[in-house]
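2 protein chains.
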Amino acid sequence: MKLEQIETPAALIDIARMQKNIARMQGHMNTLNVTFRPHVKTTKCIDVVRAQIAAGARGITVSTLKEAEAFFAAGIGDILYAVSMAPSKLPRALALRRQGCDLKLVVDNPTAASAIAAFGDQHGETFEVWIEVDTDGHRSGITPEQDTLLEVGRILHENGVKVGGVMTHAGSSYELDTPEALAALAEQERAGCVRAAQRLREAGIACPAVSVGSTPTALAATQLEGVTEVRAGVYVLFDLVMHNVGVCTLDDIALSVLTTVIGHQADKGWAILDAGWMAMSRDRGTSRQSHDFGYGQPCLLNGTLLPGYVVSGANQEHGILSPTQAQAQAQADDITQRFPVGMKLRILPNHACATGAQFPEYHAVAPDGDSVEWRRFQGW
Amino acid sequence: MKLEQIETPAALIDIARMQKNIARMQGHMNTLNVTFRPHVKTTKCIDVVRAQIAAGARGITVSTLKEAEAFFAAGIGDILYAVSMAPSKLPRALALRRQGCDLKLVVDNPTAASAIAAFGDQHGETFEVWIEVDTDGHRSGITPEQDTLLEVGRILHENGVKVGGVMTHAGSSYELDTPEALAALAEQERAGCVRAAQRLREAGIACPAVSVGSTPTALAATQLEGVTEVRAGVYVLFDLVMHNVGVCTLDDIALSVLTTVIGHQADKGWAILDAGWMAMSRDRGTSRQSHDFGYGQPCLLNGTLLPGYVVSGANQEHGILSPTQAQAQAQADDITQRFPVGMKLRILPNHACATGAQFPEYHAVAPDGDSVEWRRFQGW
Chain A
1 MKLEQIETPA
11 ALIDIARMQK
21 NIARMQGHMN
31 TLNVTFRPHV
41 KTTKCIDVVR
51 AQIAAGARGI
61 TVSTLKEAEA
71 FFAAGIGDIL
81 YAVSMAPSKL
91 PRALALRRQG
101 CDLKLVVDNP
111 TAASAIAAFG
121 DQHGETFEVW
131 IEVDTDGHRS
141 GITPEQDTLL
151 EVGRILHENG
161 VKVGGVMTHA
171 GSSYELDTPE
181 ALAALAEQER
191 AGCVRAAQRL
201 REAGIACPAV
211 SVGSTPTALA
221 ATQLEGVTEV
231 RAGVYVLFDL
241 VMHNVGVCTL
251 DDIALSVLTT
261 VIGHQADKGW
271 AILDAGWMAM
281 SRDRGTSRQS
291 HDFGYGQPCL
301 LNGTLLPGYV
311 VSGANQEHGI
321 LSPTQAQAQA
331 QADDITQRFP
341 VGMKLRILPN
351 HACATGAQFP
361 EYHAVAPDGD
371 SVEWRRFQGW
Chain B
1001 MKLEQIETPA
1011 ALIDIARMQK
1021 NIARMQGHMN
1031 TLNVTFRPHV
1041 KTTKCIDVVR
1051 AQIAAGARGI
1061 TVSTLKEAEA
1071 FFAAGIGDIL
1081 YAVSMAPSKL
1091 PRALALRRQG
1101 CDLKLVVDNP
1111 TAASAIAAFG
1121 DQHGETFEVW
1131 IEVDTDGHRS
1141 GITPEQDTLL
1151 EVGRILHENG
1161 VKVGGVMTHA
1171 GSSYELDTPE
1181 ALAALAEQER
1191 AGCVRAAQRL
1201 REAGIACPAV
1211 SVGSTPTALA
1221 ATQLEGVTEV
1231 RAGVYVLFDL
1241 VMHNVGVCTL
1251 DDIALSVLTT
1261 VIGHQADKGW
1271 AILDAGWMAM
1281 SRDRGTSRQS
1291 HDFGYGQPCL
1301 LNGTLLPGYV
1311 VSGANQEHGI
1321 LSPTQAQAQA
1331 QADDITQRFP
1341 VGMKLRILPN
1351 HACATGAQFP
1361 EYHAVAPDGD
1371 SVEWRRFQGW
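Chains A and B supply the protein sequences, listed in that same order.
Each residue of the first sequence is one higher than the one before, counting from 1 in this note's numbering.
Each residue of the second sequence is one higher than the one before, counting from 1001 in this note's numbering.
These aren't lab readings, by the way, just hints derived from the structure by calculation.
All of these numbers come straight from a predicted model, not from anything done at the bench.
C-beta: ideal position from N, C-alpha, C; glycine also.
Relax, there's no trap hidden among the hints.
Among the chain B residues that face chain A by a calculated CB cut under 10 Å, a handful are:
{"hint": "1", "residue": "Glu-1007"}
{"hint": "2", "residue": "Arg-1284"}
{"hint": "3", "residue": "Glu-1361"}
So these bits of chain A aren't anywhere near chain B, every CB distance computed over 10 Å:
{"hint": "4", "residue": "Ile-15"}
{"hint": "5", "residue": "His-28"}
{"hint": "6", "residue": "Leu-32"}
{"hint": "7", "residue": "Ile-46"}
{"hint": "8", "residue": "Gly-100"}
{"hint": "9", "residue": "Cys-101"}
{"hint": "10", "residue": "Asp-102"}
{"hint": "11", "residue": "Asp-121"}
{"hint": "12", "residue": "Thr-126"}
{"hint": "13", "residue": "Glu-180"}
{"hint": "14", "residue": "Gly-204"}
{"hint": "15", "residue": "Glu-225"}
{"hint": "16", "residue": "Thr-228"}
{"hint": "17", "residue": "Leu-305"}
{"hint": "18", "residue": "Asp-334"}
Using the sequences plus the hints, can you model the full thing?
Spelled out as structure tokens, the structure:
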């Protein structure tokens, strides 16, 4: 199907940009001499993940057991489930391992570690568990010097569970916006995770994997001594938040929402779009950054940026496109001529993970304008 | 399946609360002597809509043609597609009408009106179109006194399109929070829409339907003279935004997200949940209201509210539950005992339409704790 024929709203992936993003990250990882395990939560789409693996990725990271089940069914065996394990989910994890999936679990507390050990013992299964390390205080994990680190390591190690490694995610990198700050956090993430592995090893617990990453720290890292692998997700498509963080240009953003102008409020300088928050998502990540892009940055159908305009508001199925400055009266007066009913536009989103999740499929667009449908899934 | 067995995160509907909400709205409409056409965009779920129709609803309102197709396939014929028509979507509308669907379209501008007339002429189809009226300046529509109203009416009427009525949505009601302001806006919505119908009729254009509504104005209206029907959506489940608007209590909220505690950051007084923004949605509607509920209000598994706690932060698959006040050190110290790993909670959401859209299904829970799965769909 040609781009012009796709019904709106629709989530478009620019294949050339996506491939460039994949090559950039994989090339950087190759240079740093680490393997790369993409986080597939961004797209939940086998077509995208196949491109990441074709470029050199080794295994995948998932955020839900549904992702693990779907990607294992599609032939991917090496899977890290990177959310601390809820004991009630162990039967699903066991089922995956019994089918031959090399599923690795994550814990950051003694209760979950004990539950995995007990469940594994009960079912005769040797689970592999990675311990989550907190290197920036933004979410989960055990800080490298905490006693709990060794406590959890011992509960696993002494009760028939394989300690496969340590992992950390310096997600506070999303709040930074200078190369220096990103490089410093990348080093903090590396050093903290390596230190946690060292402590476990000194306690007699093998810890083969040392896994770090977020898109900004992965791209900012200049040396990863002691690290075995890196994880990142949103780099594959990028978005306006990542642009503000400073790790991509607007021209790198591979995801956009195709929309149609369906009306105007000429007095207010508004064009009404058929992409509201149900299409863009409610993610307004750039509202806390240096450049607030509202609900998204408008572009022409061919991808040309439209500086001076923004999606300034959204209802469920209505977006409001308007000039970025209230005083831009000339642009406001011109709104019905510049954006007539029926005109199609593309909107760059705040957050690729959130926007993608609003759609059952992507339309992957080749440079010649031909598109194919790539399914994605939702749920847990 | 019993409530205790449902895997987390999951979207729960409390059936008794939902039925109470449905009965309340339908009863109010009956008293006001108007028919009620629920907006099914909130749930996109045939099981919910069947309950609305069983209670007395006449026809439905949809926000996408996919909803129209799905609900028509499920046996509902009287459908208002309440978003101004994009000309490129006319073939799908035609296909529905050719199958016997009594689909009504909406326009608020001459371009779309002309396109519908031309397309109908070309295909020998008499479309029915309702004209969208702007009664509160918050989004789309033509104000009652604008010349455009009659221009659009004439384009339709003189070119073989049936003008079926006028419709308006005073969505700015979501920004109010006193009974007086809501009642005043309800009257403004009524009067503006009735006036638009009067102008069309005086111009010789029949305008049988006069359709108004939003959940807050529908519940606040005390007389609806000249109105033939009311539309509302979120009332069926309610949410924290509607609580802050003042049209429901916390105990009326029928939607919650079931979640499991998966860890802690004890020093910070945080319990980590397996419901992040992917489950709760990124909707933070209460952040602009008198009471900010963060990403949601925690409750025990049995629905008992937990005042003094809030979901204060969210990553994609991690929620952060914490005391509402930083100085609540006793609560913070107590976090690991009060909310142990494995404990299940229910979280009331900011916005039922946005949270529901994150899930492929609801788990509808009866008073005895038994649940059934109600499918919902996404996309356009």
